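2 protein chains.
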Amino acid sequence: MEDASPIYPADPWEVRETRFDPISARRSESIFALGNGYLGMRGTFEEGLEPLASSSARGTYLNGFYESAPIRYPEEAYGLARTGQTLVNVSDGQPIELRVEGERLAPGRGELEAYERRLDLRSGTLTRTLTWRSPTGRRVSLVIERLVSLRRREVAAIRYRVTAAGEPRDGPLEVELRSWLDGRVSNQAGGGDPRAGGMVGGSVLRTLAQSVDGRRLSLTQRTHASGLALACAAEHRLAAGPEAAPEAQQEPGTPGVRLAAWLEPGKSLVLEKTLAYVDSREVPEWALAERAAELAEAAAEAGFEALAREQRAALKAYWQRADIVVDGDDGIQQALRFGLFQLCQGVGRDGRASIAAKGLSGPGYDGHLFWDAELYVLPALLAGHPELARGMLLHRVRALDAARARAAELGHAGALYPWRTITGEEASSFFPAGTAQVHIDADIAYALERYLAATADDSLLWQGGLAMLVETARFWLSRGTFVARRGGAFCLHTVTGPDEYTAMVDNNTYTNLMARGHLRFAADTVARLQGQERFAEIAGELALTDDEVASWREAAERMALPFDTELGIHAQDDGFLDKEPWDPTTIPPERRPLLLHYHPLDIYRRQVLKQPDVVLAVYLREAEFSRAEARRDYQYYERLTTHDSSLSPCVHGIVAARLGRVEEAVGYLRTTARIDLDDINRNVEDGLHTAAMGGAVLGVLHGLAGMRVVATAAASAAAGADEPAAAASGEPLLSFVPRLPAAWRGYRFRLAFRGRLLEVAADREETGYRLLEGGAMSLLHRLEPVALTPGERASRPNGPRLRAVLFDLDGVLTDTAEYHYRAWQALADRLGVPFDRQVNEALRGVGRMASLERILARADRSYDAEEKARLADEKNRHYQELIESITPGDLLPGIPQLLAELQRAGLKLAVASASRNAPAVVRRLGIEDAVDVVVDAGAVVRGKPDPEVFQAAAEALGVLDEDCLGVEDAEAGVAAILGAGMAAVGVGGERVSAAHRVVEDTADLDLALLRDAFARAHGGP
Amino acid sequence: MEDASPIYPADPWEVRETRFDPISARRSESIFALGNGYLGMRGTFEEGLEPLASSSARGTYLNGFYESAPIRYPEEAYGLARTGQTLVNVSDGQPIELRVEGERLAPGRGELEAYERRLDLRSGTLTRTLTWRSPTGRRVSLVIERLVSLRRREVAAIRYRVTAAGEPRDGPLEVELRSWLDGRVSNQAGGGDPRAGGMVGGSVLRTLAQSVDGRRLSLTQRTHASGLALACAAEHRLAAGPEAAPEAQQEPGTPGVRLAAWLEPGKSLVLEKTLAYVDSREVPEWALAERAAELAEAAAEAGFEALAREQRAALKAYWQRADIVVDGDDGIQQALRFGLFQLCQGVGRDGRASIAAKGLSGPGYDGHLFWDAELYVLPALLAGHPELARGMLLHRVRALDAARARAAELGHAGALYPWRTITGEEASSFFPAGTAQVHIDADIAYALERYLAATADDSLLWQGGLAMLVETARFWLSRGTFVARRGGAFCLHTVTGPDEYTAMVDNNTYTNLMARGHLRFAADTVARLQGQERFAEIAGELALTDDEVASWREAAERMALPFDTELGIHAQDDGFLDKEPWDPTTIPPERRPLLLHYHPLDIYRRQVLKQPDVVLAVYLREAEFSRAEARRDYQYYERLTTHDSSLSPCVHGIVAARLGRVEEAVGYLRTTARIDLDDINRNVEDGLHTAAMGGAVLGVLHGLAGMRVVATAAASAAAGADEPAAAASGEPLLSFVPRLPAAWRGYRFRLAFRGRLLEVAADREETGYRLLEGGAMSLLHRLEPVALTPGERASRPNGPRLRAVLFDLDGVLTDTAEYHYRAWQALADRLGVPFDRQVNEALRGVGRMASLERILARADRSYDAEEKARLADEKNRHYQELIESITPGDLLPGIPQLLAELQRAGLKLAVASASRNAPAVVRRLGIEDAVDVVVDAGAVVRGKPDPEVFQAAAEALGVLDEDCLGVEDAEAGVAAILGAGMAAVGVGGERVSAAHRVVEDTADLDLALLRDAFARAHGGP
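In the order they appear, the protein sequences are chains X and F.
Residue numbers for the first sequence follow the working numbering, beginning at 1 and rising by one.
Residue numbers for the second sequence follow the working numbering, beginning at 1022 and rising by one.
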């Protein structure tokens, strides 16, 4: 969706609406929600929407404060989740009602002459500005400000300013404010959309006590089933205007106060309502009311102005490290900041809670915590605020016992985390798309791995993280099995991967790869800590043995990974590729999302994805994929993906960026970032999409900026001889491949990494790296090392640079093409199949079996697979005999000189050949030392024109594809080079005219010509 | 379970209990249930069990009379079943309460001096005989009889006889009877066991009208949601004893009457209570009460005695055709009759209803109709009473529109029948084990196919059966897909087969085979009817084209069938064999059935079966399996099957019997037949297991008697030259292979078949066939034709008879063993691998690749698969050159004479060889004409010692395995012959000593020796 006509005007630091529309009121209530990780309040109006109350969904939440109810199944089974959990809509502290001359401010009453609502992302304050003409004709202007304090987790405050308009001759105006706490709240009940929430509907709070004492209100309530209690206290202060005596108003469940005054025209009455919420998880029930009153009083004494100052300071500190600046795209800029602001508001602190799918902004998904907290939100927060990521992990650590109990209930060892939960117990009531998603364990371990890589903070391991890691790792061994008939592969049967449009399958590639990573990380961590005293103690408690750790490594090594050699792609699972493909573009918009319009069986039986599965693994476990596999996997699954999940577009964007598809990436980034502000999925009314907020941040960091944390080994390889200092120390390295969308001027962000703070700023030309805090470090820019010293800025160009030349062998370095021809001709003659040099031309760059197929296509009988294998073998043996006679003298004209010139220029060289005999030929040609890498057909899945052999060569050289140039004499070969995004030089005229430069003869090749081709490839003349 | 201590004593014609135990009251209430296909009454006591009422589950049912309620899911999705349905527990007509001197007959009050309850399977009457001493010390004896009329579908009757005991001096006894209709009934609510039912719990009937008029009671009620109404009327008659004036008793919902009298000692009071039920599906609501009263009155006028006579006559007609007589096993005899009786009571008539999983005997499975009606009950009734089978099919035909709507809802063409239902709408609320069982369509079509084969009653097709067949056939084409990467195989993805311990899999073998059979049957039926006028009309309405029918055939031909060539078995589905096997014998009894003690995912991820899946296909689609496959499939899956479903043991028993495993079969038959009377699954209290009742009947007919209906083509082949008359006419043929368990003396039954009535009686020696009705016919006995003329009895021996001799080739007919040796020696010499004649000895009977493996085991290097293929090829080409020189002179000594002797004796001859060159050798030996069949290694999946090659030869000859004798010179070959259950003759002394007779030399072979070996094999001297 383009942001040509956004719902909320694009502004870098605020979200604003200038018109009130009851139709979209619920959406705005989510957008304008405020919170601080503990207390959340939807952006409802203080006065409510009566008589349009049903257009509004009021909501106040305390993170993790839940009500439970038994889950009833129409058909029972053992081990189904038993306890439904819902984030409780608690006592409503917002209500303030205005009456002017006895007339209530309400929709449809009088006239709203001006309206604006504005969320300021720097001040953290929501401001509503109104001008209202009452039914009696009197005009007042209102400025209503609200904040939920980021410094005082229990506190929220409202400043309500009424100004009488008009001339002095109009006389004083009778103004009345009623303010109360509303305990008669209820939870929404479930409807047809499983995403909207509603496990425990209706009224769930019972009032234990309420009081009105002057301007002080208090309300204590308790849930029916979970037994949690809370108190809400409100303190009122008249900050300006005539004094007004408070009048107590007590209805059951709604302690309130009434303030009435006469206002002269031009004068204002300013009421500050300060709220405090505390709950029984940290304060004993008997002390709740008193504690809430103390907190409210203290905040009220400080006054709204002081609270607002605190708020601005807290946000300044947050933005200092979290902000992402985009130059050239206001829509994305605004959305990124809005998302970062909402993440800050939604995430629990210090391990008390994590972040729900909707944060604290609405009832959607019942306020449950899912895997996206770990995979989408956590890494986004980790970039700037590792302490928030730590709290999220600590929250999981604290739920370890529940996960152990769940694993035991299901007959497994170790711990299995719930698919969705508040309490730590499984609350997913449809196990095929819930409990079957056992990848949750690996997802949490992955987040822990990323956290440790970015912070080196082992203290979390000693605080329970190690036990969590071990218990989740051991789960896999009891859930999976080594299968003899698959060569002893470790298989995970009957699981569901992230793509919920396919359920209960065998060997889901994502799950298996994540489990592999999990098992290796666990084994590595155990090995790393083994010497330490505290380790021995914990390992003892866990009864962890060396044998068990060895079994983790074995399962990881032998993990089943379904792969289709024909297509050269990973199968989503064992059976996926057999299913009927379903092209999402053929599905009409009114039948989306599929989950609301097609029976699960009709979806499961087809190749169609809700969200990335293999592609998510490409992102998260990049090292498991060759560049060619990553490209093909992305291309194959992208066209089957509906993006019906808000978790989907961002991942596609990140992978697209890494594959160099920058404009596609920015399209996905826009959809992700603006999913809430543009209400793209049409369900913002149920709450905001926190995963998309995180995903948008990752879209810039991991996508456009190509940021990764790479292991030292990989980093050393990439860095080649210039091994950076950090690599030697064993620390992981930051790596960037920044890319810029065509319409952008630049972007910048900061990164906390292992005690350092780094600023990364990319513009159209280059990327600057500046170390703001911490000691010297190295990083990789486009796979090349950059050393940073404190305070200093290092910059590197973003564009491609010729770093490597990849040669085809046959017809480029030597004329083995002639030997091939002779061997084929001999075979064809023996079989009596017509063949000549002209037919042979068409075989350039074509692999052995494919060449044979083309030759046999002219035969007068068919050959079975066994015969073909024998024939190919026959030809090859003949060819091998012929090439025995090759010597350095067989290098084509000009090649020796060219290789020497390229070597002198410091370029890396590789041979990328369709022949399996390439290494032998290179040896006989005597250029073994000149060439850094030889990649032959045996190392790749798909031959030319698939770019794989060239990509494999570039990967082996540790060079980006776009920093390479390939030289080819075959049409298929040139296509392969171009497909890899490399510059191409063709040898042989017309045939290879698609290349950036073409020569007739190898003697015409020199570095200048190659550089020219490279420049042309990348937009040069 | 052995019937050593049965709950109910084994008696051929009755079920009796002599002790009342409240603990097991609910079980007996199911066992003693009465019904007539429309009205069912549980075997509760008229007076109830107050104060132990909770030990009782009263129930009165009208077949198909249901209440509905929305199904609520904790997590919603599109297309889930919306409407829960429950067979309603309707107005209770039983209540009669006895008071003696004001004291109520009730458990724990006074003393029960004698107690007996007896269900007479010939009279269809339930009789309770009591002697009770009241708390006041007075003794009465009671005889309470009850019947639900098989001739008057609305009517039930109770005869209640009270006799005052004691001496005349005890004086007259005050006796009071209160009788009423109880409308305050309710349905049971669901609990933890999904099999128990309870979709719509609580009170579902509202009373519309009630009346008491003298001795006439009437009650009219209506359900809340489904809107169905019923009336129940009762008429009371004093058949003996002092007159007693009726006194009306009216409480809301319970119209009643009170009768009191003084009884002299020795005198009796006999009250006849006659009930009639009618409902609004056939009688308008306003007329219900009147119609019920009329029917009750007419029945009351006839009197209990007349009703009992009618009942006996009706049952006599039923037993005439349905009875199965077992001589030598009282437990099974009683259980078979009990089952047949209950099927008669439970099945609806004339298409108005079919039969629920529990018949009309209890609330289990909510009174729903499942597939087992078609596959277990229908064929059992079809044997004796095709008209009942017809009614069941007609009921499905009438639900076609609902099935069409369901297919459309799920995005498919045609019709998809519901997995479970009363109304025709899907009521399964767990789709992975419900709607995913799309095999239901094929199951119904299969039943139709069987019905037509047995009756030739095309009228059902014209009455909607053809539309049903076409619409369900076309469903498959839209549900499945041709998969290019599997060679264009037609695949059915994401289905669940009968084994509900595995769900949502791809290409479930059962489903695919049944769909194949369905598509072929539909196409054949269309082809058969195509000329007829009515066909054109119906085809037009259905828009059926030739192309569509052609697509059915194509899908059937190309149906994917996962098969494991290593194990030689069908895989239950694409992924099944990879899963972790779970041996049911390792699961403790207290954790069974698995579905109540393990999470579905923990079950689904393993190889463990609830009930047969592939094995069910072996039974139903026998022609799809070679004998060897059937044997191996059975053996493989049998050890993984828990039999947690009551549908399981009977199928295993049938297949075991067909495989000749008679004692295993009778064990399964016993479990099946006595599942209710011995309460084997401990849930009889919820109702009887109708599928097991049908399964027990089939266990005798299709299992022990080996009955099949075979297509003419197959029959002709089997019959060989002696083609029976019927075969020529195109009619299907009955075929029997009767087997007798060791402890049985015999069994007999009758069969209705295409207008004939046949009696089949097997004893220890022979089976007699008698045509009781209809014209001359042929049938097959042990694959040999038997011609029957009306009235005449034909008998044939049951035991094996030598009909065919199967020869190994190498070393038996000729010495190709020498050529093999020479070819191997040459290869071994070339490779430098040690080899000699002694090593060669071990290769007898071993296939080519396996022989090569053994030779290469001594090589000093390893060979890859490609090399091995080449070496095997090399040896074979050499061997083929060597055998070019074979002539008839190479037949081993005595062989020409032996073959001639066997031919003269009319024996069939075959060559069963491990060599792929066998046909060529046979030709060169000049015995091509003498040998009927040559089976070589190319035709089989597994070589010797697997019996497959010998079984394949026997099958090709159209002879039972046990009627064959094999001649072998190799140990593995003898093992293969014995494994096939054949007689074996060994050539070569010690090496083949496992054979029944051994000769040193082929010259020693003659017919007498072969006959001797055959006799020894089958228990001879």
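No lab work stands behind these hints: they were computed from the structure.
It is possible that part of the hints are untrue.
As the list claims (entries may be wrong) - The following label-pair restraints were derived from C-beta to C-beta distances:
| id | chain 1 | residue 1 | chain 2 | residue 2 | range |
| --- | --- | --- | --- | --- | --- |
| 1 | F | E1949 | X | A939 | 15 to 21 Å |
| 2 | X | A543 | F | A1210 | 55 to 61 Å |
| 3 | F | R1660 | X | R916 | 42 to 48 Å |
| 4 | F | A1210 | X | S478 | 32 to 38 Å |
| 5 | F | D1567 | X | R877 | 31 to 37 Å |
| 6 | F | R1660 | X | A939 | 41 to 47 Å |
| 7 | F | R1660 | X | G938 | 40 to 46 Å |
| 8 | X | E874 | F | G1915 | 47 to 53 Å |
| 9 | X | D401 | F | R1660 | 34 to 40 Å |
| 10 | F | A2024 | X | A850 | 37 to 43 Å |
| 11 | X | P135 | F | S1207 | 54 to 60 Å |
What the hints assert, rightly or not - With a straight-line cut-off of 20 Å between C-alpha atoms, the simulated DMTMM-like cross-links for lysine to aspartate or glutamate are:
| id | chain 1 | residue 1 | chain 2 | residue 2 |
| --- | --- | --- | --- | --- |
| 12 | X | K868 | F | D1885 |
| 13 | F | K1889 | X | D120 |
| 14 | F | K1288 | F | D1191 |
| 15 | X | K316 | X | D170 |
| 16 | F | K1889 | X | D864 |
| 17 | X | K868 | F | E1188 |
| 18 | X | K868 | F | D1894 |
| 19 | X | K868 | F | E1888 |
| 20 | X | K868 | F | E1895 |
| 21 | X | K267 | X | E167 |
| 22 | X | K267 | X | D193 |
| 23 | F | K1337 | F | E1794 |
| 24 | F | K1889 | F | E1587 |
| 25 | F | K1889 | X | D170 |
| 26 | F | K1288 | F | E1408 |
Keep in mind that this is a model prediction, so the values were computed, not measured.
Ideal placement from N, C-alpha and C gives every residue a C-beta, glycine not left out.
Status of each hint after checking the structure:
Taking 15 to 21 Å as the suggested C-beta distance range, the pair F/E1949 and X/A939 does not conform, at roughly 54 Å. For the hinted restraint 55 to 61 Å between X/A543 and F/A1210, the CB-CB distance of approximately 45 Å leaves it violated. Checked against the hint of 42 to 48 Å, the C-beta distance between F/R1660 and X/R916 comes to roughly 47 Å, which is consistent with it. The hinted range of 32 to 38 Å is satisfied by F/A1210 and X/S478, whose Cβ atoms lie roughly 37 Å apart.
The hinted range of 31 to 37 Å is not satisfied by F/D1567 and X/R877, whose Cβ atoms lie roughly 54 Å apart. Separation of F/R1660 from X/A939 is about 45 Å and conforms to the stated range, judged on CB atoms against 41 to 47 Å. The hint said 40 to 46 Å for the Cβ distance between F/R1660 and X/G938, and at roughly 44 Å that hint holds. For X/E874 and F/G1915, the Cβ-Cβ distance of about 48 Å falls inside the hinted range of 47 to 53 Å, so the restraint holds.
Our hint of 34 to 40 Å for X/D401 and F/R1660 holds, since their Cβ atoms are close to 39 Å apart. Between F/A2024 and X/A850 the beta carbons are some 60 Å apart, a value that contradicts the proposed interval 37 to 43 Å. A hinted range of 54 to 60 Å for the beta carbons of X/P135 and F/S1207 is consistent with their spacing of about 57 Å. Restraint check: the Cα-Cα separation between X/K868 and F/D1885 comes to about 17 Å, which is no more than 20 Å; the hinted pair holds.
Of the pairs offered as hints, the one joining F/K1889 and X/D120 is violated, with about 76 Å between alpha carbons and a cut-off of 20 Å exceeded. Note on F/K1288 and F/D1191: the hinted pairing holds, with a Cα-Cα distance of about 13 Å set against a maximum of 20 Å. For the proposed pair X/K316 and X/D170, the alpha carbon gap of about 45 Å is over 20 Å, so the pair is violated. Proximity of F/K1889 to X/D864 is assessed by CA-CA distance (about 17 Å); at most 20 Å being required, the pair is judged to hold.
Restraint check for X/K868 and F/E1188: not satisfied, since their Cα atoms lie roughly 106 Å apart, outside the 20 Å limit. The hinted pair formed by X/K868 and F/D1894 meets the criterion: a straight-line CA distance of about 15 Å does not exceed 20 Å. Pair hint X/K868 plus F/E1888 holds up; C-alpha atoms about 14 Å apart against a cutoff of 20 Å. Distance restraint check for X/K868 and F/E1895: the Cα-Cα separation of roughly 17 Å lies within the 20 Å cut-off, and the hinted pair is therefore satisfied.
For the suggested pair X/K267 and X/E167, the alpha carbons sit about 11 Å apart, so the restraint of at most 20 Å is met. Taken as a hint, the X/K267 and X/D193 pair is broken in the structure, with Cα atoms around 49 Å apart against an allowance of 20 Å. At most 20 Å may separate the alpha-carbon atoms for a hinted pair to count; F/K1337 and F/E1794 meet this at roughly 17 Å. Only pairs whose Cα atoms come within 20 Å are accepted, and F/K1889 paired with F/E1587 is accepted, the gap being roughly 18 Å.
A hinted pair counts as satisfied when its Cα atoms are at most 20 Å apart, and F/K1889 with X/D170 does not qualify at roughly 109 Å. For the given pair, F/K1288 sits about 47 Å from F/E1408 by alpha-carbon distance, which is inconsistent with the 20 Å threshold.
Of the numbered hints listed earlier, those contradicted by the structure are 1, 2, 5, 10, 13, 15, 17, 22, 25 and 26.
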